[in-house]
Amino acid sequence: MAKASEVKEKMTIDRRNMLKALVGGCATASLTGCLVREQEPGAKGWVPQQYDAPSSWPPQVRGRVPIDPENPSIARDDRKCVLCGQCIEVCKKIQTVYGSYALPVKDDFICIHCGQCTLWCPTGAIVEADDRTRVLQALKDPTKVVIVQTAPSTRVGLGEEFGMPGGSWVEGQQVAALRRLGFSRVFDTNFAADLTIMEEGSELIERLTGKSEAPLPQLTSCCPGWVKFVEYYYPEWMPNLSTAKSPQQMLGAVLKTYYAKKTGIDPRTIFSVSVMPCTAKKFESVRPEFNAAGRYWKNDALRDIDAVLTVRELALMMKEAGLDFSSLPEESYDSLLGEGSGAALIFGSTGGVMEAAVRTAYHAVTGQKAPTLAFNLAPVRGLSGVKEASMDVPGYGKVRVAVAHGLHNARTLLDRVKAGTARYDFIEVMSCPGGCIGGGGMPRSSVPPADDVRRSRIRSLQIKDAAGTLRESHENQEVKELYRSFLGRPLSHLSHQLLHTDYVSRAKHLKVDPQALEEILAGQVTEASRS
Amino acid sequence: MNGSNAVLVDLTQCVGCGSCTVACKLWNGKHYDKGAPATGLHPVADHSNWTTLTQRKAEKDGAPAWRFVKAQCMHCEEPACVSSCMSKAMRKTEQGPVVYRPDLCAGCRYCMMACPFEVPKYEWGKVIPSVSKCQMCSTRLAHGRSPACTDACPTGALRFGRRQELLGIAHDKLKTGRYVNKVYGEREAGGTSWLYISDIPFGQLGFKANVTSESLPAIAEHYMRKTPALLLGGAALFMGLSKLIQRKKAVAAAKEGKREQ
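Those protein sequence lines, which keep their order, are chains A and B.
When the count follows my numbering, it moves up by one through the first sequence with no breaks and lands on 531 for the last residue.
When the count follows my numbering, it moves up by one through the second sequence with no breaks and lands on 1261 for the last residue.
Same shape as in the complex, but just chain B (with noise of 0.2 Å):
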């Protein structure tokens, strides 16, 4: 899928102003909650704020340097959340978006267990919930339009296109040594929707740093390929078993019967 839309964020760019925070709830019409802020020293990631703007207090060559981490869905290339979905509430689209369809969803939560980024969230406080991540602006990018966030990104940290352009900036911008040589969401979860380049190691930045570099749906299927196989062979198994024991039971009681006659 490398066809596909996704967004490049720069975060040697980005100079903390929320814009991409404030658009994401302007257009899709979500709620602020004081408790739960979407920007600052410690945001709260929810079923309203579906972006987050995490500002860190990092050190480069010794020095004090502040970075802003933006944090939303990644939008896998092949989404967990997807492939663990029983009732395909979770889709990926052809544009690059993770679609959450509400009224196919069972509320099983499967989705939440299985995303690498531990992105999607549960409306906890409704009486009839939904899980809730963001969705790349799926409506927007039908329409040709780029999703709200880096629309509304001043400074152009946030950079919307098809993800083999991207990674084709982003390496570049890799061989100027301004940047740690890595594009975290090139390989991460088989690859993501979201890349991400930064000056300041990753996992300095909160980033999760154990991500494997398999697509999870992947590894589950290399386990769930087996199933059929496993199911059969154990069956065969036990019915060989089951065979062999009566077959000895019958031999044991026409030998009794032989004793007692």
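Just chain A, same shape as in the assembly (with noise of 0.2 Å):
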């Protein structure tokens, strides 16, 4: 018995006493705190390698441009923003529009909506303002009769987004797959286009021949992003905008005036989608002023356009709703705003809405169909930035043209004017390089966008343009039949009211900086307002 209590007694390394000297250990290493190690919050992430550097190595590429939360086309996810800066060189560079004005700002966000930054943002955390929201509940919505409309590079651009190669030619599997969506009628915005044609191009004519008290060079205005862009930069040349309004506004105009009164359906009912290359256009949609239909039927809540998508958008419609992009059919566009002549399919790229000006506003003056140059303009085609012909009319003389894509080109052709070192009758501006083919709304088919790619979508819509037989504008019978029972002719009273449009100088938003423009147009781009 004694023997017992003597081991009782002695120590040993059982369970329980190992467990116990571990916890007593660890307790009091942590409270004496032997077991804290120093530590710094935050710091726990990463920048890029610019930003990598002493400070007095100043990062060369750096930030990002300002977008208002309120842009009504384009948007940014924070969260996916690394700071690579490519926004600011496609706006400052390419766009001229980040850097050209002086700060302090005044009171906006200086945008001309072109989203070209959401094609160059490399980790999408730019993309367009979202309206596939809307369109869904239209579409959903019972007493919503919902219509679309397709621009021209739509077509060329869409099968990109499903793995077909730039460019390929998916007109009828588009006007299918809107169908399949839901969408009651799919009609052309090309129909739209050779309206904008017989529109602009009466007043090309008008201005020429100085019936108008316009002045020339008459400069396109279908390219909302230009048009903001003049209304900025260059609110001299406002009066010099053709009055016409873009095609995407001219249908949404008679769609819910004549489209609507010809089929008898309640303009009220119809909800008005546009399929667009671009951002810009949502932008368009919501000025003010485009609710044609609303003063026609004295209805303020009508509005010519109610939701534009980008080609992005529908695309990834289309993949929500599991469509199966190969094995839909070839569907062809509704009637009475369907058809669309070769012209209107050029006006998706550079030089586009010129050769179709051309073609159309020979014919008005001479009465004969234009020679066959004007059917293949080659200076006024490919993607050099500034591109100028000229072309005899007879019973007019030389009518001298020019084009620009991107407005760093825009610039430039446009102060050779101001400074008179060159005459032109009409000139055409697209905000994105390539023209609309190559628009902030088009697939992002390559990250930032290549010239391949752009030409790969040029080529295609040529092609279809050359195969074609209605090739004019003048020669679309739809739009002949719009004219003969609604408008009466282009320039009319009602063609005013519908089809054309007033500018708004926004130039007390800004205060351009001249010197820091001029050393973004040298291509010394310097940090302009480090002072």
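Incorrect hints may have been included.
Under the rule of at most 16 Å between Cα atoms (straight-line distance), these lysine to aspartate or glutamate pairs were calculated in the EDC-like manner [unchecked claim]: (1) A:K319 - A:E161; (2) A:K106 - B:D1199; (3) A:K508 - B:E1059; (4) B:K1057 - A:D68; (5) A:K106 - A:D68; (6) B:K1088 - A:E40; (7) B:K1060 - A:D108; (8) B:K1173 - B:E1186; (9) A:K262 - A:E481; (10) B:K1088 - B:E1078; (11) B:K1092 - A:E40; (12) B:K1057 - B:D1199; (13) B:K1088 - B:D1103; (14) A:K93 - A:D513; (15) B:K1057 - A:D513; (16) B:K1092 - B:E1078; (17) A:K80 - B:D1033; (18) B:K1126 - B:D1046; (19) B:K1208 - B:E1221; (20) B:K1057 - A:E70; (21) A:K511 - A:E236; (22) B:K1034 - A:D78; (23) B:K1057 - A:D107; (24) B:K1060 - A:D107; (25) A:K106 - B:D1061; (26) B:K1092 - B:E1077; (27) B:K1034 - A:D77; (28) A:K508 - B:E1077; (29) A:K144 - A:D266; (30) A:K106 - A:D452; (31) A:K106 - B:E1059; (32) A:K508 - A:D107.
Some chain A residues flagged as far from chain B (calculated, every beta-carbon gap over 12 Å) [claimed, not checked]: (33) T12; (34) V105; (35) K261; (36) L323.
Calculated directly from the structure, the hints in this document are not laboratory data.
Quick caveat, the model's predicted, so the values are computed rather than measured.
Beta carbons: idealized from backbone N, C-alpha and C, even for Gly.
Using the hints, put the two chains back together into the complex; each one sits in its own frame.
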């Protein structure tokens, strides 16, 4: 018995004691601070390499463009932004918007809504402002007749979203897809492009022949980014802008007036959607003056266009709906507002509006078909920044035209005209490099956008134009019918009411910084505002 | 500490791109919360948003003028949070930043009470919360880099450098007459490492106008240095009083004893 008690008092390494020692030791170490490592909060992330240098070497590429949270065209998700600086690169050097104005700012986030930044953004942080939700809601609403129009370039872009090569022609599949998504009529913006040529071409002839007071050169007005750019930077050129609306707005206006009347649909039930290669079209559609149908029917609530989808948004809707693109049949547009000429088709590429206008204007002045040159107006085709051409028009003389795409090029061209070193009668400007086929709403088939993709899309449009039989806007039968039964003639009173618009100077929202602008245009991009 | 690092914010140069807020989150690994944006008209300063950028629709000469105000820890020269901290979790480093160490923090949140700019925030949602605030990228500074936000600023609205140098630049800019005649942060709370200049009065842009120009620890010290004297004086006074009362009692008791005898 005595032996047993001796054993009890002896220290043994059993599990219980081991555990006691461990817990006791750890608790002591922790309480005395031995286990705590000195730590710094934050600093757990990363920044792009250019920011990881000593402060005596300021990074060359930095920051990002400001975007208004209320911007109707583009939106940014901060979670995806890596401050790579690509948006600034394109906005400043190619569009000459960012950095061209003096600081401090006034009362605007200067933006022309072109959406090039959405194409350059490598992480997809900047995308179009979402309009899918509203369109899907309208499609579900049984009281709404949802009618859609598709811009010329959409049919050479949509396929790329489904793995097809650049510029694949998918006009018929696009129409079929839209029907399957529930749109009750599918119309073609090409119809309205022909209508635009009729109005804009007639306006040009009036200016050329002196019938109109409006000055020369006439500037195209179908690109909403370019229009806002003129309103910001060149308000003195506003009288030169054609008063003709863009094809999107023309179709919206005739849809809720002419088409509604003809088919007996209550215009209040129509929900008008457009599929565009463009983010600026979203901005254009919410410009307050674009409610021609509302004024026609004396109902302010009526908007000409209710929602604008980019090609990317349409593709997303199709993917979400589970449409198998490759198995879609080729369908054709609905009638009355569905016919389009080859001239309208090439609106999608830089120089296209010019070529289309020349074909019809020549016919209007001479009464004859334009010469072969006007059906392959090579000098205004291709991707050179500023292009020019001239053509002898019997009965008038030499008509000189110029084309620019990308707003850096547009500035170069306008400044040349301003300085008097060049004289033109008609100037076409598209905000996006390559024209609408390079628009901010097109698929991001290469990041940043590449010329080979742009060329393949342009080629596709030009091949279809060349292969078609209807290649002049004034030959479009549905447009003729619209004039015969509704509008009367181009530039008629009703045409003016529905198809023409005016512009508003936005110069008060910014102060141009001439020195910074000069540096941008000279290509010497320095920190303009660094003082 | 005039040789320490600082940042000069020129509010006239900000275009409101918010790069600073993104750089802060990228570098510090901070989360995004949809309900608590770091930019816009009503950003929320919290434990994940160490810096915010507020859009202010102000007026200048009768015309609307938008300004964007970046806010973060001001990194005071003599920080109240440091002097209020009982566990030395807050300290002002020689390089300029006021740095917080969660491992030393007792969680009392005196710093939050002490800060004249209401900067330190608390991680209320966490089981073991810490105080949270801008560190002025002290680990970047230690490697000769500048804070992430100033690096990312595309317009030069944020300028990093030595405080004394930046004050010189700021006052040179004020001489052009295009600014209101004040460098916010030069004297506020005894001087801060973040300095602001503006062409619109600071009060209209949401800056705190009534921040004392004295160093807050100095004010506290002014009173605190009297505590020993007060304490000892009080003790002596009460001891004296006590002695007096005791003596009175003793005298009274003695008198009583005499009468009974």
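We went through each hint and held it up to the structure:
1. A:K319 - A:E161: holds, 10 Å
2. A:K106 - B:D1199: holds, 12 Å
3. A:K508 - B:E1059: OK: K508 (chain A) and E1059 (chain B) at ~14 Å, within 16 Å.
4. B:K1057 - A:D68: holds, 13 Å
5. A:K106 - A:D68: holds, 13 Å
6. B:K1088 - A:E40: Given that 16 Å is the threshold and the Cα spacing comes to 14 Å, the pair holds.
7. B:K1060 - A:D108: Roughly 14 Å between the alpha carbons, so the hint for K1060 (chain B) and D108 (chain A) holds.
8. B:K1173 - B:E1186: holds, 14 Å
9. A:K262 - A:E481: Distance of about 12 Å is within 16 Å: holds.
10. B:K1088 - B:E1078: holds, 14 Å
11. B:K1092 - A:E40: Distance of about 14 Å is within 16 Å: holds.
12. B:K1057 - B:D1199: With a Cα-Cα distance of about 14 Å, the restraint between K1057 (chain B) and D1199 (chain B) holds, given a limit of 16 Å.
13. B:K1088 - B:D1103: holds, 10 Å
14. A:K93 - A:D513: holds, 15 Å
15. B:K1057 - A:D513: Violated, because 22 Å separates the two Cα atoms, which is more than 16 Å.
16. B:K1092 - B:E1078: holds, 8 Å
17. A:K80 - B:D1033: The given pair, whose Cα atoms are some 13 Å apart, holds under the 16 Å limit.
18. B:K1126 - B:D1046: holds, 13 Å
19. B:K1208 - B:E1221: Violated. K1208 (chain B) to E1221 (chain B) sits at ~24 Å, over the 16 Å cutoff.
20. B:K1057 - A:E70: holds, 14 Å
21. A:K511 - A:E236: Holds - the C-alpha atoms of E236 (chain A) and K511 (chain A) are around 15 Å apart, at most 16 Å.
22. B:K1034 - A:D78: OK: K1034 (chain B) and D78 (chain A) at ~10 Å, within 16 Å.
23. B:K1057 - A:D107: This hinted pair holds, its Cα atoms lying about 8 Å apart.
24. B:K1060 - A:D107: holds, 11 Å
25. A:K106 - B:D1061: holds, 12 Å
26. B:K1092 - B:E1077: Since the Cα atoms of K1092 (chain B) and E1077 (chain B) sit roughly 8 Å apart, the hinted pair holds (cutoff 16 Å).
27. B:K1034 - A:D77: holds, 10 Å
28. A:K508 - B:E1077: violated, 42 Å
29. A:K144 - A:D266: holds, 10 Å
30. A:K106 - A:D452: Distance ~40 Å between K106 (chain A) and D452 (chain A) Cα, so the pair is violated.
31. A:K106 - B:E1059: Distance of about 9 Å is within 16 Å: holds.
32. A:K508 - A:D107: Since the Cα atoms of K508 (chain A) and D107 (chain A) sit roughly 9 Å apart, the hinted pair holds (cutoff 16 Å).
33. T12: holds, 37 Å
34. V105: Per Cβ check, V105 (chain A) is inside 12 Å of chain B; nearest 6 Å; violated.
35. K261: Label holds. Min Cβ-Cβ 43 Å, cutoff 12 Å.
36. L323: holds, 31 Å
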